[in-house]
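Undergrad: Put the two chains together into one complex; each comes in its own frame, and the hints tell you how they fit.
Chains as they are written, first to last, in this note's numbering: chain A, 154 to 454; chain B, 714 to 910.
Hints are not guaranteed to be accurate.
Chain B regions said to be covered by chain A (calculated; three or more residues, Cβ under 8 angstroms) [to be verified]:
hint: 1; segment: 836 to 843
hint: 2; segment: 850 to 862
hint: 3; segment: 873 to 884
Okay, derived cross-link-like pairs now, BS3-like style, lysine-lysine, Cα gap no bigger than 25 angstroms in a straight line [stated by the list, open to error]:
hint: 4; chain 1: B; residue 1: 752; chain 2: A; residue 2: 207
hint: 5; chain 1: A; residue 1: 293; chain 2: A; residue 2: 330
hint: 6; chain 1: B; residue 1: 752; chain 2: A; residue 2: 330
hint: 7; chain 1: B; residue 1: 840; chain 2: B; residue 2: 752
hint: 8; chain 1: B; residue 1: 815; chain 2: A; residue 2: 198
hint: 9; chain 1: B; residue 1: 815; chain 2: B; residue 2: 752
No wet-lab data here; the hints were simulated from the structure.
Each residue gets a CB set at the ideal place from its N, CA and C atoms; glycine is no exception.
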Amino acid sequence: MNTEQLGIGILYNAALPEYLKEHFEQLDYIEIIPDMFWSDEGRGKNPRFRPLPKWMRQLDWIAGRLPLVAHNIGISIGTIDYFDEEYIRFMQKMHERYQFKWHSDHLSFLKLPTKGPHDHNAGIAIPVPYDEEYLEMIGKKVDFIQSTIEIPFLLENNVYFVEYPEQDYTETAFVNKLVKGHHCNILLDIHNLYTNAINQGTCARTYIDELDMSAVMEMHIAGGNDMNGFYMDSHAGPCPDEVWELLDYAVSKAPNLRGITFEFHESYFPLLQFGGLNRQIELARNTWNKYHHKKPAYECA
Amino acid sequence: MSARDFQLAIASLIASPETCCEILTEEEPFFTRFSLTEKEKLRLHGIVRQRGISACCSLYRMNRITPVYSQLSNTCMLLKDELVPLVEEFWLHLTKPSLQFKEEVLEFGAFLTNKISTGAICQPYLKEVLQLEIAMNELSYLPEGEHRILTFEHDIFFVLRALADGSLDDADVPPSVCRYKIYINNDKVEMEPAEAE
Ligand SMILES: [Fe+2]
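Okay, chain B solo, but in the shape it has when bound (with noise of 0.2 angstroms):
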């Protein structure tokens, strides 16, 4: 067990500098976690001491965003300094990710999800914004030819545009419930008016 915990232990490190600070600090509680030799102690301390460690931690840091960040890219301009903390917050809740783009993305739009439903997050376009860029997500995983009905509460083609250019904050977008049919047609998103349910 014990080169198998070594490496667990190296992983929880690296995903965590409070965890790093902790050895420092305050070893046995993070040594009781996992089983290992003498040896493999003295080398996770030789590690945590090593100022390299810092950029190992931020490298998980950016590997980690870059899913979201690259697939949820509106949402994330929408959500500007609150991203990070929300970001951080989504980490300790998923503390063992696949990193499959797929997953950690989906992952993550539930994760907002639930906290726009609760109030927790009051962006008023946010709920649009990210049901479009999850639709996307998913169909990017599925044969051309699959849809997403999308009902939005406000011109959505206005709302990215504004996200665009940096406009949104002042602009007055009024309310327009529309509904969209989303899908792929040659490598592209296509958004066509829905017929009313």
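The shape of chain A in the complex, shown without the other chains (with noise of 0.2 angstroms):
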């Protein structure tokens, strides 16, 4: 699959039509979560997936100004015995209205099966243990997304706070194993290995050492705040030092990479404003440039 490179994006929220009213051309892309723009009614409901007016005025508006990538929180991928093929068809909808240059997800587990409509959530996006059972059961959902919607697929790194113990593989070794597989790609998230850095005591740049770089799709990169004794990855408006300098070593390695992506969360708007949002775009563009300055060739043609 030849995925063209985009540049820098920033992640949908609502603090966004604003800015992007004036500044959208600054950006190669918008990164949207899908699931914000329309509520799921429930298994068994027709429709099952109602958009919602306002959200979906909003993406029509962007989509007519940039390129989208989509960024699911919906497809659980970690949960045992459950698989929403439903939701994926109608990602796939999605994508064949909007066309997104990829779409992700994470490696966790969210949603837990119940026998109503709706699922449990578990409120947190809990990693999985690294264990072959689990290697097989991600890699046939990945096989079954990838063939239903034929963009790549990204699978992103974790935040954790406690670690399982006796675990069949590291982090790394897992996510190699499932691109060697079944050849997903990966988003790579500089603020997560810097938010494990600070909490675990791993070390972010082994971790990147380990992981196979040529998978390395998009970059995510954040801020995040102190909480009760923890640093948690809470988007909390610009990126530290620590993960520009982490976002530069990663670049150095990544020579597939099609994006960077900065996410904050709206409520950070106010401490952020136009200017400090068009300083991590800056910031983001000027490590983009340093290793990957030279345009698609048909972009030169």
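TA: Structural data, given as structure tokens:
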């Protein structure tokens, strides 16, 4: 699959419409969480997925100006005995309409099956244990997703606050096996690595050295804050200096990178304002240009 | 069943610091609820002994209160210190949340409405502010053109302004019954006086 290099994007949130009206030309793409644009009425309902009018109008406005990338939260790829094929097929329909360049979800589980129309939501994305059993189960789902939606599918590395004892693989070995066996790609969240380094004492650079960086198609960057003795991946405004340093290191090793996405939570918009947001985009672009300044050949022709 | 139960068990730990303590002090009652292998039991033991479990529990609570706080923000402001105990009681009652904003907000709204009708909460303007926010929440999921007609017993604009500037506690809001038509126009909530029934 030949996916074009996009550059710098931003994860869409409710604080962005005003900013985008004036500044969309500074961005190369917008990443959306598709789950925000419709409500899931529950299994058995017709239609099951109901578009939210206000949000869809915003999406159509963006889609007329910038390429879109989808970042799901609802696949819950790590849930045992659960796979919502109807949700994947609906995503395919969304892709037909909006032509996402790629799509992604997290290497974790969030939903738990129930007998009713709605799944039980675990409230936080819980990392899967990196065991053979999970590798096989996730691999099959990745195969289904990639055969249903024919754009690259990326899995995002986890933030974790607790670690399962006695796992079969490290996270990097687990991800590398998924990439090799099922041809998926990686969304490397640099801020997640930084968060784990602070809370768990892991080494972010070692993680990058161990990971199959040729499969990294997108990177996430963000800021966080302290809460009760932990550093949280709260997307709280600008990226810390260490995230910029790590980004530089990771980008230098990612030959197939297609985009760097800045994530922030809408409640931190007052802290960033237009200028702060532009600054984050500019810093990300400096790193991008340092290693990915060459435009793809077809754009130069 | 066991891996599935393992995931249910972790989710129930993250949703309840009390349950984490239950394993630490008296493990049997917790483990009898799930069908788990020895390795999975050891893993759960390992998890609750790590300090990070408290961060997971806090994150769960933050994520779960977000829909309520963002969609019923004035209701939450009115409830002040009563909010957290009420939310905790609601979570005990609704233990399998979908976390779809719409569902969570409607369920919490119904829970509060019930509390108001039984007299368990007697904040003077709560009923009116809550019904307005519930209607706005419902309309946000419907095509523009849909509307709700609500009856207020006080000047609702005065109440909302006083709430926003922190003067509601000292304000004397005279009773004034009025009906409004609530609808969304160009993404904005509009309210206009409605004909009497
Ligand atoms: Fe991320």
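Undergrad: Does each hint fit the structure? Answer for all of them.
TA: Going down the list of hints, with the structure as the test:
1. 836 to 843: With 0 residues in contact (Cβ-Cβ under 8 angstroms with chain A), the coverage given for the segment 836 to 843 of chain B is violated.
2. 850 to 862: holds (count 5)
3. 873 to 884: It is violated: at least three residues are needed, and the segment 873 to 884 of chain B offers just 0 whose Cβ sits closer than 8 angstroms to chain A.
4. B:752 <-> A:207: violated (48 angstroms)
5. A:293 <-> A:330: holds (13 angstroms)
6. B:752 <-> A:330: Given that 25 angstroms is the threshold and the Cα spacing comes to 23 angstroms, the pair holds.
7. B:840 <-> B:752: The given pair, whose Cα atoms are some 51 angstroms apart, is violated under the 25 angstroms limit.
8. B:815 <-> A:198: Measuring from Cα to Cα gives roughly 15 angstroms; hence the hint holds.
9. B:815 <-> B:752: violated (39 angstroms)
Of the numbered hints given earlier, the model fails hints 1, 3, 4, 7, 9; all others are met.
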